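**Q** For reference, the chains in residue letters:
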Amino acid sequence: MGMVMLLLLALLAFMIIGSLIAAESEDLLSAVVCVGAVGSGLAIIDLLLGAPDLAITQVVVEVLCVAILIRVVLTRRDETHETHKDTFAIATVLLVLGVLLVLGGWAMTTLHPFGQPLLASDAPGVAAQYLAGGVAEVGAVNYVMSVLLDYRAYDTLGEATVIFVSVIGSYAILRRTGRSHRAARSQEGES
Amino acid sequence: MNSGMSLIVKTVTRLVAGFITLFGIYIVLYGHVSPGGGFAGGAILAAGLILVLLAFGREATLRMMSHDGALAWDCGGALAFVLIAALGYLAGGFFVNFLSHGEPGQLNSAGMIPLLNAAIGAKVGAGLFGVFLALAVFRPGRHREDPS
Amino acid sequence: MTLTALPYLLALALMIIGLYVVVAKKNIIKIILGVAILDYAVNLFLLLLGYRDGGTAPIASPQQAASSDTLATFAAGSVDPVPQALVLTSIVIGLGCLALMVSLAIRLHEKFGTFDMTRIRELKG
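In order, the protein sequence lines correspond to chains U, E and V.
Position 4 of the first sequence, counting from 1, maps to 4 under our numbering, and the rest follow consecutively.
Position 91 of the second sequence, counting from 1, maps to 282 under our numbering, and the rest follow consecutively.
Position 33 of the third sequence, counting from 1, maps to 372 under our numbering, and the rest follow consecutively.
Hint data in this document are derived by calculation from the structure and do not stem from the laboratory.
One should not assume that every hint holds.
To be verified - Restraint-style ranges between C-beta atoms, simulated for each label pair:
id, chain 1, residue 1, chain 2, residue 2, range
1, E, F214, U, T109, 39 to 47 Å
2, U, T75, E, F214, 26 to 34 Å
3, U, L94, V, T457, 18 to 26 Å
4, E, H292, U, L94, 54 to 62 Å
As the list claims (entries may be wrong) - In the EDC-like style, the derived pairs of lysine to aspartate or glutamate whose C-alpha atoms are separated by at most 20 Å in a straight line are:
id, chain 1, residue 1, chain 2, residue 2
5, V, K365, U, E26
6, V, K364, U, D86
7, V, K364, U, D27
Predicted model, so just to flag it, every value in this text is computed and none were measured.
Backbone N, C-alpha and C fix where the C-beta goes; we use that ideal spot for every residue, glycine too.
Required output: the full structure, derived from the provided sequences and hints.
**A** Written as structure tokens, this is what we have:
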């Protein structure tokens, strides 16, 4: 068991504990902070597994995510405690999720083992071609960028569309009363 | 109205915000030779602007970049992405790399990947900042407290 | 044999925790946090699939890019770049969707004055 594996397991345990605390915490603010810790752990795992691009993105996105959530939680106190706990429903959910965990875990053991990806097997797929011809065909030494913006650029176009739609959507949702209120106020000013 | 945070935060923000923006631009432009790229750099640019928004309050930030400005950068980035992709028709098809590959490892290499990265960076940065601005400015219930 | 699948299993456990929060919790902000955890778990799982033992990041230095021999040895020791490229966009999409969910939650809070799903259902109409 190598050093990377040990660190990886420790960080995964940290992430799982953090998400459990976030799930069961009564205080929304501490739940938000715990999710921030989980995301930071993911950023370190990104660095450990040889993905510096992902680590940079994950850290910054995590900061923005926590800032947005804290802004929402802090300005709105609400005193919703889970007063009426429906134990039967919770037990059913836990049972179904347990079955899912067992079945999924059984499926995970049939995957290729950790540390020996498809890339290193007999049928390496497209990744080996990208790695072999990336610099000669595209000219970028960062293979992630050559996959993202050259080999799989259609995929990136679709995902950029998704981001665009989500941004425009939240604009539309938040902006509606802002506009009508401004219009109403200007009408009041005129009358 | 004394908006924003304390004097210490404002001073540090004044010192740091320019460097954060510079770092974001570096990450965007050098995406094809080092870790980074349009998505990471755009998020860093948005983070720099959000830092200014948190430190100085709404009015000062809206003078720097308004809602319509953020929306324009967002849409402009998306349009530039599609336009650069469509320029590939000059070489035979959508998303075909029509510029020369250059010498690998130099800034001027990889054809249109830096251009696409810049478009994505503008789009992601302005989009994320615009969302945060919308969350900060169009605060619900504000008009109820508003005396006018 | 089980040890080689252990990181996958832990990522699956994280995914299940996220699902539990989404399904069982009543608070809208908690549900949003659950979606965020689910998002992290899926990204992590895709990243784990592409790791190679002792692999380096898929970014060659200009010296390695100079000749095809050094490039071939680099490619033989690099991790899989394809999952990384797909996850990179997925992270930013996760933030965009989180902002969308948060703005919906803000609208709900403005209308009903609470984040509690059960009370929002009672107050309907």
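**Q** Compare the structure with each hint and give your call.
**A** Hints versus structure:
no.: 1; hint: F214(E) x T109(U): 39 to 47 Å; in the structure: holds (43 Å)
no.: 2; hint: T75(U) x F214(E): 26 to 34 Å; in the structure: holds (30 Å)
no.: 3; hint: L94(U) x T457(V): 18 to 26 Å; in the structure: holds (19 Å)
no.: 4; hint: H292(E) x L94(U): 54 to 62 Å; in the structure: holds (56 Å)
no.: 5; hint: K365(V) x E26(U); in the structure: holds (12 Å)
no.: 6; hint: K364(V) x D86(U); in the structure: holds (11 Å)
no.: 7; hint: K364(V) x D27(U); in the structure: holds (13 Å)
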